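Engineer: First to last, the sequence lines map onto chains P, X, B, D, U and G. Residues 1 to 171, numbered by our numbering, are exactly what the first sequence covers, in order. Residues 1 to 171, numbered by our numbering, are exactly what the second sequence covers, in order. Residues 1 to 171, numbered by our numbering, are exactly what the third sequence covers, in order. Residues 1 to 171, numbered by our numbering, are exactly what the fourth sequence covers, in order. Residues 1 to 171, numbered by our numbering, are exactly what the fifth sequence covers, in order. Residues 1 to 171, numbered by our numbering, are exactly what the sixth sequence covers, in order.
Possibly wrong hints are sitting among the right ones.
Each computed SDA-like pair below joins lysine to any residue, with the alpha-carbon atoms no more than 25 Å apart [stated by the list, open to error]:
#: 1; chain 1: G; residue 1: K28; chain 2: U; residue 2: S156
#: 2; chain 1: D; residue 1: K113; chain 2: X; residue 2: L1
#: 3; chain 1: B; residue 1: K113; chain 2: D; residue 2: K113
#: 4; chain 1: X; residue 1: K8; chain 2: B; residue 2: I33
#: 5; chain 1: U; residue 1: K166; chain 2: G; residue 2: E122
#: 6; chain 1: D; residue 1: K93; chain 2: U; residue 2: I139
#: 7; chain 1: X; residue 1: K149; chain 2: P; residue 2: E135
#: 8; chain 1: P; residue 1: K148; chain 2: G; residue 2: K113
Not everything, but these chain D residues come out facing chain U in the computed CB check (under 7 Å) [stated by the list, open to error]:
#: 9; residue: A43
#: 10; residue: G45
#: 11; residue: V131
#: 12; residue: E133
#: 13; residue: H136
#: 14; residue: M169
Quick caveat, the hints were computed from the structure, so don't treat them as lab data. In this text the structure is predicted, and so the values were computed from the model without any measurement. In this text, a Cβ means the ideal position worked out from N, Cα and C, and glycines have one as well.
Number of protein chains: 6
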Amino acid sequence: LQLPAFDKETGKLNTIIETSKGVRNKYKFMPDIGLFALDKSLATGMVFPHDFGFIPSTKGEDGDPLDVLVLMEESTFCGCIVRTRLIGVIEAKQKELSGKIVRNDRFIAVFDKQPTYADVEELTDLNARVVDEIEHFFISYTEMEGSKKFMPLKRSGSRAAQRLIKSQMSG
Amino acid sequence: LQLPAFDKETGKLNTIIETSKGVRNKYKFMPDIGLFALDKSLATGMVFPHDFGFIPSTKGEDGDPLDVLVLMEESTFCGCIVRTRLIGVIEAKQKELSGKIVRNDRFIAVFDKQPTYADVEELTDLNARVVDEIEHFFISYTEMEGSKKFMPLKRSGSRAAQRLIKSQMSG
Amino acid sequence: LQLPAFDKETGKLNTIIETSKGVRNKYKFMPDIGLFALDKSLATGMVFPHDFGFIPSTKGEDGDPLDVLVLMEESTFCGCIVRTRLIGVIEAKQKELSGKIVRNDRFIAVFDKQPTYADVEELTDLNARVVDEIEHFFISYTEMEGSKKFMPLKRSGSRAAQRLIKSQMSG
Amino acid sequence: LQLPAFDKETGKLNTIIETSKGVRNKYKFMPDIGLFALDKSLATGMVFPHDFGFIPSTKGEDGDPLDVLVLMEESTFCGCIVRTRLIGVIEAKQKELSGKIVRNDRFIAVFDKQPTYADVEELTDLNARVVDEIEHFFISYTEMEGSKKFMPLKRSGSRAAQRLIKSQMSG
Amino acid sequence: LQLPAFDKETGKLNTIIETSKGVRNKYKFMPDIGLFALDKSLATGMVFPHDFGFIPSTKGEDGDPLDVLVLMEESTFCGCIVRTRLIGVIEAKQKELSGKIVRNDRFIAVFDKQPTYADVEELTDLNARVVDEIEHFFISYTEMEGSKKFMPLKRSGSRAAQRLIKSQMSG
Amino acid sequence: LQLPAFDKETGKLNTIIETSKGVRNKYKFMPDIGLFALDKSLATGMVFPHDFGFIPSTKGEDGDPLDVLVLMEESTFCGCIVRTRLIGVIEAKQKELSGKIVRNDRFIAVFDKQPTYADVEELTDLNARVVDEIEHFFISYTEMEGSKKFMPLKRSGSRAAQRLIKSQMSG
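Bound-form chain P, shown alone (with noise of 0.2 Å):
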């Protein structure tokens, strides 16, 4: 995926989007294979809250790109490219199933060309209710694979999630 995490002309953070809004099933890019996989399924109940998948050309501290949320008014499909304006990050660690514990970020972007979303520039430009409600799907949803947890650190603006965007490119 020739793609780079910023757009060299507009700054744009380009996303590739792996799970819709709404969907139930969490899908993963294979770069192998070129196609996307059914990874898991969330508890029933538990839906993606927002657009979800992954930032180009970085690598994250569990190997995999970096984690991203885009807000938009219609969702968009497995394996799209959104180019987005990346508002801040809920900075967070994971324990995994292995009891390792790893930092596992959640960067928020807007789709920006749409009105909902025209004036949000920073993370605080959402109600907090939004992140609130965020933070806790990704409690929520690791409660139910076994021992594995989230958990939240804090919310960062715009600027902070470059810099972590920028020091975790990979290539």
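Put chains X, B, D, U and G on the given structure of chain P with help from the hints.
Structural biologist: Then chains X, B, D, U and G, alone, in the frame of chain P:
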């Protein structure tokens, strides 16, 4: 609504669906108007895990008709009558916003005219994880509603469920 | 339900939709309660090919109101009134589970306020394959219901359909 | 429908949804029958931009109850009661097919029990483009209905909207 | 994408769908990456009236492959190849945001393996209102995009459409 | 598509979904282009009863990869890889339009990371009616395709299914 809890001829449990599986909005019947109203909306990322409604001609400790979840292959719609086979109950207490603790059982029934649920007669005929996910859903969604709290007590089979309903018939 | 089969002013055929196109669950109006109930569910892989319901103020040989399929561009919902143009009928007999054979016609109407069906006045204005597929649907779904059997007799146009309805007005 | 325009205790605006967001068919309540009917269908490519319905116990210049758009996160269904916060009105005139020009305001309300609209108290709290798109929708869809014409006059806030509704209470 | 505009054996027109019927988001193929990107989103209340995409191995005056609308009974998905019968073209000019006016035809094709479109060979075989609605859609949606403007010139049949495509083959 | 039929580490059966449950359009992978094409559309009223696709690195008697149905709780999308547990096969012959009779088995697998199918290891662990409905679906849909005919021979368990796949590995 002139409908008994149990059908006289067949013994089937009558249910009125208020919120379908996969829906985030919780609807509530307004008996004086004869229509359904949008009551509240779950936190984003949460949707009802199965068709959810009430048992007519009953009245629980909180003053509302008893709650019921109906498992079936294709979900129905708000206002639909479904005649079901009662298979059990998640006995529970709920701490209300007022701090008061009231009994708030969730009865479980199946639409048995479909192969997936044709052989399910008791809660224990379901994979235990199905019931775990239902309990987790009720715990998780009340977590996002201030000081409200859902506390499962125990799981009981069809007979105990029937007794509990019969002891809470209204009128 | 105080609604005549034919609108007095316009001559349009009144219909009440019970099951929308694409839905697998068959719903049925409960006149004494004023709500719709889940009656049964088609075998998996089968869904209603068009909005399906009944003609008010009629009563067929099986004691129920006459069945009608309404062709339109976007489907409606259970309980919706649609004023239509009657274009014909698939005259048919049906062998019931009891072994008894009763007349069980399927009337065909269109919602003519949309371009796709604006010019359709008779069953023969549709591509014959559209009607073949409808017949096949009714044959195929009764095949999965024990000894039930749907037997098409012939296809007739709007006049014959109108006469058949008028001869089965209730009250 | 025994429902006042404004709830006595909370002051909330009562609305009855007829057509959900994303739906192309326009439905209309039939007060004498107690059901909703398919009234017409928008031109293909047009769908209602938000849940759309009427304010009970009101009567506008065209003889129908007043129209209202309700903004919320997940749409509801035809026949649903939604208690809302009134935020304003697009005051408008409409040229009917008969050539007659009548007042035809579109009231705007939000379901405020969800984070997206929790802080929206006035029409001006929305991005102006959201209201532009609503106006454009009404202009554009009447363009496809012969000589009908929707003419926005001005946008007013919650107080003016409330006065306009109170002056058009029926009964 | 190694796919000719016309299939050599059957003469069918190859199309690649980018945006399905009923979708508000406009997607665009990124040939260098091999994925589709969210390009923009229509104003709320507007959705694509039919599956919309491009004709491979062509290049229009605006530098992009030629646009095509494919009429069929059930819509497909972004990235799907549909082999179609070309029935005509809405010849048009478009004023771009830059002020420049370029040719921007919309070719019309049908998926003819379904009864609804089995007999449609020419644009004139469709109800004229179907084409009116398509034209109105393109006019209406560009109205909401600043100074952009879609100007239909004339409607032509399958032969003229074929000539226009053949004269704009790339490579 | 560099994907073996069976995963080397886990022994899971790899499948590529072409048509999701509930979809009427049948899609087909075009290996030379790397995209999926709309192949045909079932008769109206028929939709795929479960996610349907092929087993990579296999080749059946008809020259195509082997067909597989994957049972799971929420359907996936065209092009998705699903790693499954193989539970059996409906062995069958099919009369093609050419009159030629070829073997055309339908392998059955489950996505076992969900409670509904967690305990299903053999075809006989499903309610027999589930398999009856699948067979009826294939019989019924080929009935509408001219002289084509689907003839089930027998149902076999996971071992026989595995042997059949292993004997039809390509390359």
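Engineer: Out of the numbered hints, which ones does the structure contradict?
Structural biologist: 1, 2, 3, 5, 11 and 14
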